[in-house]
Amino acid sequence: MTTGIHQVEADLPIHHVWQFVRELNNWAPLIPGYLEHQMISERQSTWKFTGDAGFIKKTVHMSLDITEWNRPTKITFDLVGLNEKFVGKGYFEATSLSEQKTRITGCLRITAKGMMGPMINSVLKAIIPKVTKELTTAVALEMTQVEKMPT
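Each residue of the sequence shown is one higher than the one before, counting from 621 in our numbering.
By construction, these hints were calculated from the structure, which means they are not laboratory data.
Computed from a prediction, not measured in an experiment: that's the story for all the values here.
Fair warning: there could be bad hints in the mix.
To be verified - Taking CB as the label site, the calculated pair distances span:
#1 E719 with T670: 35 to 43 Å
#2 S718 with I676: 40 to 48 Å
#3 P652 with V766: 32 to 40 Å
#4 R723 with I686: 15 to 23 Å
#5 L761 with K733: 28 to 36 Å
#6 V707 with Q627: 21 to 29 Å
#7 T715 with L761: 14 to 22 Å
#8 S718 with I660: 33 to 41 Å
#9 T715 with N646: 15 to 23 Å
#10 S661 with R691: 16 to 24 Å
Beta carbons are placed, not taken as given, at the ideal position from N, Cα and C, and that holds for glycine.
Please model the complete structure; the sequences and the hints are all you need to start from.
Take a look at the structure:
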């Protein structure tokens with residue numbers, strides 16, 4: 621399973637991080653290549669995004685199911701490809717560093733299945749860490765921007 625893990629620090633209290641991350645609508649649009657997502661229930665959604673694997677660009681449709689909400693520190697989810705053969709897992713984890721600083725860890729683990737799985741998995745080794753870094757960084761930046769907006 622190809623894994624990407626990235627950590628960033630945000631100048632926000634942990635409860636602000638939780639308020640943002642617990643809502644999928646806040647961070648779904650931040651995934652690189654985002655096209656759209658649809659909420660099926662509070663814990664289930666489908667996402668469409670474009671994936672760029674060097675010379676190949678594909679539209680990927682997947683389901684995301686929240687498997688754990690551990691307030692205020694962790695959200696865990698499962699991923700299943702709907703138009704491509706892959707499965708995965710991921711999480712966002714928050715660790716309070718002080719009253720006004722939180723470390724945010726993003727993790728994605730994905731494995732391609734089927735006949736093309738071995739070839740795709742070799743490409744994913746370069747892509748998944750990059751996507752994880754971009755998504756985690758974008759989530760932290762967006763949280764900070766939202767927090768600074770006047771109420």
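* Quick one: are T715 and L761 within 14 to 22 Å, going by C-beta? -> The hint (14 to 22 Å, Cβ to Cβ) holds, given that T715 and L761 are roughly 18 Å apart.
* To do: Indicate whether the distance between the beta carbons of L761 and K733 respects the range 28 to 36 Å.
  => The hint (28 to 36 Å, Cβ to Cβ) holds, given that L761 and K733 are roughly 33 Å apart.
* Is it true that the C-beta distance of T715 to N646 lies inside 15 to 23 Å, as the hint says? -> holds (19 Å)
* Asked: Holds or violated: 35 to 43 Å for the Cβ distance of E719 and T670?
  -> holds (40 Å)
* In this structure, is the beta-carbon distance linking S661 and R691 contained in 16 to 24 Å? -> holds (18 Å)
* Honestly, do R723 and I686 meet the 15 to 23 Å range at C-beta? -> Holds: the Cβ-Cβ distance is about 21 Å, inside 15 to 23 Å.
* Note whether the CB distance of V707 and Q627 lies within 21 to 29 Å or breaks it. => The hinted range 21 to 29 Å holds for V707 and Q627, with Cβ atoms some 24 Å apart.
* To do: With 40 to 48 Å as the target window, see if S718 and I676 comply at their CB atoms.
  => holds (44 Å)
* Please test the hint of 33 to 41 Å on the beta carbon pair from S718 and I660. => holds (37 Å)
* To do: With respect to the beta-carbon atoms only, verify the hint that P652 and V766 lie 32 to 40 Å apart.
  => Given about 20 Å between the Cβ atoms, the range is violated.
When each numbered hint is compared with the structure, a violation occurs for hint 3 only.
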